[in-house]
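Number of protein chains: 2
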Amino acid sequence: MEFRDVVRTRRMVRGYDPDRLVPADLVDRILTHATHAPSAGFSQGWAFLVLETRETLDSFWAATTPPGAASRWLAGMRTAPLIIVPLAHKDAYLDRYAEPDKGWADRDESRWSAPYWYIDTGMASLLMLLTAVDEGLGACFFGIPPQRLAAFREAFGVPDAYAPIGAITFGYRAADRRSASLKRGRRPLDEIVHRGRFHPAA
Amino acid sequence: MEFRDVVRTRRMVRGYDPDRLVPADLVDRILTHATHAPSAGFSQGWAFLVLETRETLDSFWAATTPPGAASRWLAGMRTAPLIIVPLAHKDAYLDRYAEPDKGWADRDESRWSAPYWYIDTGMASLLMLLTAVDEGLGACFFGIPPQRLAAFREAFGVPDAYAPIGAITFGYRAADRRSASLKRGRRPLDEIVHRGRFHPAA
Chain A
435 MEFRDVVRTR RMVRGYDPDR LVPADLVDRI LTHATHAPSA GFSQGWAFLV
485 LETRETLDSF WAATTPPGAA SRWLAGMRTA PLIIVPLAHK DAYLDRYAEP
535 DKGWADRDES RWSAPYWYID TGMASLLMLL TAVDEGLGAC FFGIPPQRLA
585 AFREAFGVPD AYAPIGAITF GYRAADRRSA SLKRGRRPLD EIVHRGRFHP
635 AA
Chain B
435 MEFRDVVRTR RMVRGYDPDR LVPADLVDRI LTHATHAPSA GFSQGWAFLV
485 LETRETLDSF WAATTPPGAA SRWLAGMRTA PLIIVPLAHK DAYLDRYAEP
535 DKGWADRDES RWSAPYWYID TGMASLLMLL TAVDEGLGAC FFGIPPQRLA
585 AFREAFGVPD AYAPIGAITF GYRAADRRSA SLKRGRRPLD EIVHRGRFHP
635 AA
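First to last, the protein sequences are chains A and B.
According to the numbering used here, the first sequence is numbered sequentially starting from 435.
According to the numbering used here, the second sequence is numbered sequentially starting from 435.
If you are wondering where the hints come from, they were derived from the structure by calculation, not from laboratory data.
A hint or two may mislead.
What the simulated footprint calls covered on chain B by chain A, stretch by stretch (three residues with Cβ under 8 Å from a Cβ of chain A suffice, anywhere in the stretch; the number is not a length) [unchecked claim]:
(1) 470-481
(2) 606-616
Straight-line alpha carbon distances no greater than 25 Å define the calculated DSS-like cross-link-like pairs of lysine-lysine that follow [as the list claims (entries may be wrong)]:
(3) Lys617(B) / Lys524(A)
(4) Lys617(A) / Lys524(B)
(5) Lys524(B) / Lys524(A)
(6) Lys536(A) / Lys524(A)
(7) Lys536(B) / Lys524(B)
Beta carbons: idealized from backbone N, C-alpha and C, even for Gly.
From just these sequences and the hints, can you work out the full model?
As structure tokens, this is what we get:
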């Protein structure tokens with residue numbers, strides 16, 4: 435697809451055809467595109483947990499679903515035949531910038547003006563979401579509740595040094611409901627763009 | 435361009451033709467695409483400072499350049515006729531999730547498993563970098579050193595509630611040097627992908 439069509443038609447998809455698996459070559463293309471995200475110092479401090487068997491998918495939902503979660507949302511999301519969990523690895527950044535060419539003599543976090551381990555892993559995640567659109571798939575990025583992180587780590591052996599920034603479901607689209615949040619509307623450019631100087635909202 | 439060509443050819447560009455400005459309609463397209471990034475709860479907690487006059491560009495470099503910065507890097511980057519600074523607005527997220535449909539009765543940050551204000555603003559930034567490629571421009575995303583943040587805020591009136599996650603130069607490409615970090619090589623999939631379970635490196 436044309437780049438701009440991918441950007442403009444992307445939206446979160448919350449229901450999938452459970453009987454159509456995502457072909458292995460597509461899964462690889464999604465992951466390969468993720469590795470084309472930029473990263474500070476080319477640190478590439480990310481990892482991707484890929485779940486595509488019924489057993490691991492069931493384990494994911496069992497570990498991450500809080501009691502009383504919205505059942506309609508969950509019923510749709512559980513139809514996804516593929517979940518990828520993007521993990522941010524802060525240590526890779528602290529190590530990278532302690533290398534001689536970067537010249538920081540320590541691993542002090544106060545040297546960082548923004549947490550690029552989260553930002554870069556987020557960029558990799560967006561490339562996966564966009565690739566889904568390009569390949570005719572649907573996808574949905576969502577957060578893992580903080581109170582379920584320990585159960586998630588336990589279920590999949592994820593070390594504390596790797597922080598899941600969320601999870602992404604993938605699959606061929608079925609009918610689904612758009613997020614109610616979209617009623618908020620997209621903020622217009624003149625509200626978010628500040629030309630030459632920051633102009634506080636009146 | 436085809437989506438996959440945009441993804442696979444994108445790289446940071448550190449030298450520009452200083453005499454070719456970025457047309458206004460292209461600047462608007464870059465910013466419009468930024469607003470197509472996903473955001474938690476459709477919070478859209480981002481803002482974009484746009485600098486495109488000689489005076490504001492000079493102010494940016496004066497404010498953000500630490501003494502002793504690499505002069506070759508700076509000489510190339512200063513040729514850029516356009517800088518956009520993506521700003522993350524955490525309060526917009528805390529406010530959004532205190533609304534009735536989200537149901538959090540407070541603005542407690544511990545409810546967040548990842549800082550989506552940074553992640554989403556990073557996704558918006560990637561869409562701007564990709565749009566540059568699609569439009570035949572070059573772009574470079576880089577960090578503002580923490581010790582220069584105060585001077586940056588002062589120069590452009592940016593409130594403390596808005597955190598710059600970096601800055602992006604844009605322009606028509608001139609000859610430039612590739613980042614030495616690229617010598618590290620892209621990490622192969624089998625090193626970063628964990629199928630079914632996290633597998634620590636041997």
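Quick one: see if chain A covers the region 470-481 of chain B, three-plus residues with Cβ-Cβ under 8 Å. holds (count 9)
Is the straight-line distance between the alpha-carbon of lysine 536(B) and that of lysine 524(B) 25 Å or less? holds, 16 Å
Straight-line alpha-carbon gap lysine 524(B) to lysine 524(A), limit 25 Å: holds, 21 Å
Is it true that the CA of lysine 617(B) sits at most 25 Å from the CA of lysine 524(A)? holds, 21 Å
Within the region 606-616 of chain B, is the number of residues with a Cβ closer than 8 Å to a Cβ of chain A three or more? holds (count 4)
Next pair to validate is lysine 536(A) with lysine 524(A); report whether the Cα-Cα distance is within 25 Å. holds, 16 Å
For lysine 617(A) and lysine 524(B), compute the direct alpha-carbon distance and say whether it is at most 25 Å. holds, 21 Å
Comparing the model with each earlier hint shows no violations; every hint is respected.
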